[in-house]
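Listed below, chain by chain, are the residues.
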Amino acid sequence: MSREGTMSSMDEENEWDLLNKKTWKGIGLADPIKTIEDKWLLLPAFLKIKGLVKQHIDSFNYFVDVDIKNIVKANNKITSDVDPRFWIKYTDIEVGLPDRNESEAIDKRVTPNECRLRDITYSAPIVVTMQYVRGKNIVQRKLCIGRLPIMLRSNKCVLTGKSEAELARMIECPLDPGGYFVVKGTEKVILVQEQLSKNRIIVETDPVKGVVQASCTSSTHGGLKSKTYVATKKGKIYLRHNSIHEDVPIVIALKALGIQSDKEILLLTAGNNEAYKNSFAVNLEDAAKLGVFTRQQALEYIGSRVKINRRVIGPRRPAWEEALEALATIVLAHVPVRGLDFRQKAIFVATMTRRVLMAVDDEKMVDDRDYVGNKRLELAGQLLALLFEDLFKTYNSNLKMAIDKVLKKPSRTNEFDAYNTMRMQGDPLTAGFVRAISTGNWSLKRFKMERAGVTHVLSRLSFISALGMMTRISSQFEKTRKVSGPRALQPSQWGVLCPSDTPEGEACGLVKNLALMTHITTDVEEEPIIRLVHMLGVEDISLSTGTEIYGPNTFVVNVNGTIIGLTRHPHRFVTQFRKLRRARRFSEFVSIYINNHHNAVHIACDGGRICRPAIIVENGRPKVTSEHIALLKKGKATFDDFLRKGLVEYLDVNEENDTYIALYEAEILPTTTHLEIEPFTLLGAVAGLIPYPHHNQSPRNTYQCAMGKQAIGAIAYNQFNRIDTLLYLSVYPQQPMVKTKTIELIGYDKLPAGQNATVAVMSYSGYDIEDALILNKASLDRGYGRCQVLRKNATLIRKYPNGTFDRLADAPVDENGQIAKKYDIVQADGLAGVGERVDPGDVYVNKQSPSNATDNTFTGQAASVPYKNTPLTYKSPVAGNIDKVLISDTENDQTLIKVLIRQTRRPELGDKFSSRHGQKGVCGLIVNQEDMPFNDQGINPDTIMNPHGFPSRMTVGKMIELLAGKAGVLTGTLQYGTAFGGSKVEDMSRILIENGFSYAGKDMLTSGITGEPMEAYVYFGPIYYQKLKHMVMDKMHARARGPRATLTRQPTEGRSREGGLRLGEMERDCLIGYGATQLLLERLMLSSDKFEVNSCSECGLMGYNGWCTYCKSSKKMVSLTIPYAAKLLFQELMAMNVVPRLVVDDA
Amino acid sequence: MPTSTQTFNPRRLVGIHAERVTDVSSTDYPGHYPGEDHSWSLDKFRENLTVKVQRLSQRSIDFDIVGVDASIANAFRRIMIAEVPTVCIESVYVWDNTSVIVDEVLAHRIGLVPLNIDPSLIAMKSGPHDTPTDRNTIIFKIDITCSRNPSAPKGSTEPRELYINSELLSSHLVWAPAGEQDEVFAGKPPAPTNPNIVLAKLRPGQSISMELHAVKGVGKDHAKFSPVATASYRILPHIKIKQPIPPEHAEKFQKCFSPGVIKIDPRTKQVSVDEVNVRNDTVSREVLRHPEFADKVELSRVRDYFLFNVESEGPYTPERLLPEAIKVMREKLAVIKKSAEALRDRATDGDVVMAE
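If you read the protein sequences in the order shown, they are chains Y and V.
Note that full-length UniProt numbering has the first sequence beginning at 1, numbered continuously upward.
Note that full-length UniProt numbering has the second sequence beginning at 1, numbered continuously upward.
Derived by calculation from the structure, the hints in this document are not laboratory data.
Just to be clear, a hint being listed does not mean it is correct.
[Claimed, not checked] Covered, in the sense of this in silico footprint (three residues per stretch, anywhere, with C-beta under 8 Å from a C-beta of chain V), are these stretches of chain Y:
| # | stretch |
| --- | --- |
| 1 | 994-1006 |
| 2 | 1082-1092 |
[As the list claims (entries may be wrong)] For each label pair, taking beta carbons as the anchor points, the in silico distance ranges come out as:
| # | chain 1 | residue 1 | chain 2 | residue 2 | range |
| --- | --- | --- | --- | --- | --- |
| 3 | Y | F950 | V | K154 | 54 to 62 Å |
| 4 | V | Q54 | Y | R990 | 40 to 48 Å |
| 5 | Y | A630 | V | T193 | 50 to 58 Å |
| 6 | Y | T1010 | V | A342 | 40 to 48 Å |
| 7 | Y | E1015 | V | Y33 | 45 to 53 Å |
| 8 | Y | V1032 | V | S272 | 25 to 33 Å |
| 9 | Y | G635 | V | T193 | 44 to 52 Å |
| 10 | V | H213 | Y | G1054 | 26 to 34 Å |
| 11 | V | T268 | Y | G972 | 33 to 41 Å |
| 12 | Y | P428 | V | K154 | 35 to 43 Å |
Even glycine gets a Cβ: it sits at the ideal position worked out from N, Cα and C.
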């Protein structure tokens, strides 16, 4: 502000007073703007209502509450071809609560944990209400048509909304995220699938072929999917679709869609742009050359090229009719054709054409396939909906056939009741769901869908691995393609997909993980939105011509990719639309944005869009204030309140482009529209464990994301009640000294996987090269790194179809009345006692099976059949203890026995450890406490880490973690290493100084061996170390002699088969190069598959027992030693009519 | 005018610099300095050696050893950690354990409990398969069952009030005397030194029944046998103010050291080193970080001035630990001496058979 003239001192004084006066709510003009304290609290509030795996649960809820009803509504009537009076109509469908699927059960309630333990499926009945004709009446009945596996913590799950105490009673962990299924006792996750968005135009170029094409994959609720292209070919533009044999010149296609005038075609595609007009003109000429001028001609042209696949043989229809049908129902099926009004579809095709023209003119106008806004995520709900639709249709058609079969019978004794027929249908839905989820094969012929590997077993290696799996996104791109585009980090991933958490190797960049605040939308009804758009003054597209559509200042309004209207005031329209959304007049997940390149406004309300919340900023001030946060803190407001009051809104990736988001409050400018809730939410749950990740070299964070999932720790509160195939538990897990906010939010501080080790960064003994670690023996004695490995061993006590059955037997007694050592622990019931030690070779389930179990002709007494021993014996080289024995029965009444065997292990040489910074290492040496260096306080390190791990890895975060950890130890508090924040190094150093330590974290150590001070100061303090699941005990392997493969008589391969260690080609090359012939002979033959063979020196064929069967003589037989594999080869060659002859020279 | 604490021979000082430590090894051995006689003599050693107890409490002791080489001081430290024997629970026989803690882990926890048994009263087992006798093994028993407390106060949520025996504590280890142990240990019945160590938590219906065998062992076999929580030393800090510190920096200078190490004359703001408290300095090297104190102060430590701190956790009173360590050391020396003598006496034969 500039002032003119001079101002009296009085005036100046007043001015100052005015500035200092408390004007508004006690805040003066000169006061600094108060920042929103603790706005990160919105994050826990968000997670509280949404949970960590909200995307899965929301999607499943949408399926069972909404989508399943829509599917049934679309297929609700079954009629009979035989009796025209008969019909069945489904009026409603309902998914119940999970219950026990056993008719004789009194208590029908079931918990997920029971399903896990008993190998049954956690499922709920699907009940339909239907009306049907019985005799002359119409009756209404309810019927269970099948069972649907229920997602844990979804609307239909018994765990939803339960308190911690109730969950504890159900033996369920309150920190477990849910979002998976329990099918036949295994936990199965349906991974999020990433796809290109449907019903949107994508323009691409192929620079090699010089082709520009606009494509659109149509997907409607009927489930039909087809892809339509508008592409250039030799300078002309064609429409291409699978159902049409030949590419159709675009002008013919447009004419067929009802735009007959060339002028109108030109206007709708090229508009008034000279460049576009020029490049389009040739297409008009093309159509003229082909003699297509009228709509009828165009339809005839297309009709003769349409692929006809009609099952019902009827009268042949004229070509134009075929074309009309194809254009109306197959090509771009998502664009509605009402009556025979093709206007909308024509405009859609014209738009595609225009986009091609634009891209031909300016190659920057192509779309980016990898842009996250062009992606949709397919979730469990959508996949289940497809599966259900397929199964339901099959069910109905089978039912129809069955009903027809009965109705066909001329004279029936009693009144036909379709209810009974339905009950006789078996259980195709249940079986279909269970099969699909447990195998992961989604093969739906109806939708031409053949996908394998959709589901995965939930990894329960650690809490983090389970959580990480729930946020994983797998891509549809094949892994072998050598393109970098889909794998690269996209700028549009910001805030919605974690930039760090991706695997290394072949799936790198294709498998991604959601960020902490990401939400995936579900479908929102489109019609109300369209009505609203028109009410806001958008003109209907059907009423406009090309001149208007592409006129200056005119913006096209799209809803879910389909053009519905025009507006001349896009900004006003968008602002109004957003205001209504913030007022919650419609779903908060509907997004709107302006695309200035295409002069278009896009509204999206389809499912699978990725979005995240942000604080709304208006007039340079965030709408969320400290007062709001205070309410939140008191528990008087939830995240939903913030949404409802329009303080916070969801932005999808496309709408983000319309915003100007400030990272911090101080950075708000007048043009700012939103404020980030917290910067660290751009990382995912797994990357959130890393302290100070913003100080690390980025690949290190990625490595840690992979390793955090292998860390041994606590996996769930119910970990001691679970019987998993393999369970790793830490005996004394600790929460990290340096936490992050993410750690607290996901509950890693309650289910940690690691221990705070005192680390000295120095070299010691030479056994620490190549990242090896030195461990303190006394620390190990006191329990550092101790872990338990629990392994499940299950068997079924089966009943066979021939009436015989397996049995359990007590330990056999020999003639002296003694029990053999290996049956030592077997008790009278044939099972090992809980707590007993199992030594290698011991029997822990003494099962016996009938020797004629497969003999179906057997009719004798089941009890009198001979039995053979089929015991379960303990194979591990190290003794274990019986932890648990479970006897139960499965759904089909087979007795199930599960034995959990536990090993408690202390760290040993070669066990793998890692810090939280992608710094892994194996234990290289275990040193006695007295040999360890010590500082002035007498503290010995638990671990010594070689400093060479730092320079090339640049994991500065680890160094800061040590510093913060040391400061935390000294003050007795936990420090924070939250990304883009956390405890500051300066503060940490100050704490160190105040406590008499060097500011740098380096201590003066004394050698434990010489007793003299060390010549260098040593970086010394606590770092959180994880013990990884790779332990020497599970890998150690050697053999002198052992089993051989039957076919080749060579030693078997692999540790599990007690195999040999192969001397491979390269090793062989070395020995050849060196000339060690005798060693070669020994390694490759004598120690492997040495075989004595008799060979005839006359005919060169192999004989036996000194007799040549070919020469019928034993005169010239010689004995040779050859590899058995060579003998095998000769015989195989002989079988192929090739005679290999052994020419023996100096025998 | 340079001031410093006591004046030490500069050869006895270890240099403390900002990024390194110098002169860590002693140099007073024959042949290092030309023309000086550093041959070892008992008289000289006696004259230089000082041992002084600075502080003694129930659990720990601070004492100084001055005038010995680092190797000797370190030997005492190492022996106290690893070779002074104690008695600890080694074998656990589990009859019943229905608690949430599994047998191995509970056994491990029990093993770490320090016992008050005087090791001199017990013989060392010769091997893991040596038969236990009343001379080498002490038996404890645990028999505990948790149950609901019928007289629990209403509305209480404290497990201690709700249940009886909600925790297995070290005080639940009951000594079961065998043979003549009753008389031998009459004065001090064997028990854990600390009765309040929580070993396991129990809930109604859970019970633990075990027999525990304690044997004598040394810390190098397992840390539980170590009689000390820690035994360590540091060497005496030494501060030399080479140039006077300007009065305006006096307080800052003082803050660079541990409290009480630097005295400031209230009147003249003259800075000096407190001779008694200098031992409390943590040698944080903070003073070396500030440019205003560059070249004004020299930090060092006295190489042969060892400030020991020993925390006892086992049966020994803190003051007994050093004599025990010396005892062990003398035994070891006796072995070496005997072997060396054997070597000397039979050197002509060629092969030497080591004693024991």
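Hint-by-hint comparison with the structure:
1. Residues of the stretch 994-1006 of chain Y with a Cβ under 8 Å from some Cβ of chain V number 6, which satisfies the need for three, so the listed coverage holds.
2. Using a Cβ-Cβ cut-off of 8 Å, 0 residues of the stretch 1082-1092 of chain Y lie near chain V, which falls short of the minimum of three, so the contact claim is violated.
3. Taking the beta carbon of each, F950/Y and K154/V are about 60 Å apart, inside 54 to 62 Å as hinted.
4. For Q54/V and R990/Y, the hinted distance range of 40 to 48 Å is not satisfied, since their beta carbons lie about 31 Å from each other.
5. For the pair A630/Y and T193/V, the supplied restraint of 50 to 58 Å holds, since their beta-carbon distance comes to about 51 Å.
6. Between T1010/Y and A342/V the CB atoms are about 28 Å apart, so this pair departs from the stated range of 40 to 48 Å.
7. Between E1015/Y and Y33/V the C-beta distance comes to about 21 Å, which lies outside the given range of 45 to 53 Å.
8. At roughly 59 Å, the beta carbons of V1032/Y and S272/V sit outside the given window of 25 to 33 Å.
9. Against the hinted window of 44 to 52 Å, the Cβ-Cβ separation of G635/Y and T193/V comes to about 48 Å, which satisfies the hint.
10. At about 43 Å, the CB distance of H213/V to G1054/Y disagrees with the hint of 26 to 34 Å.
11. Between T268/V and G972/Y, the C-beta spacing of about 39 Å keeps the proposed range 33 to 41 Å intact.
12. Restraint check, P428/Y to K154/V: a C-beta distance of roughly 57 Å breaks the suggested window 35 to 43 Å.
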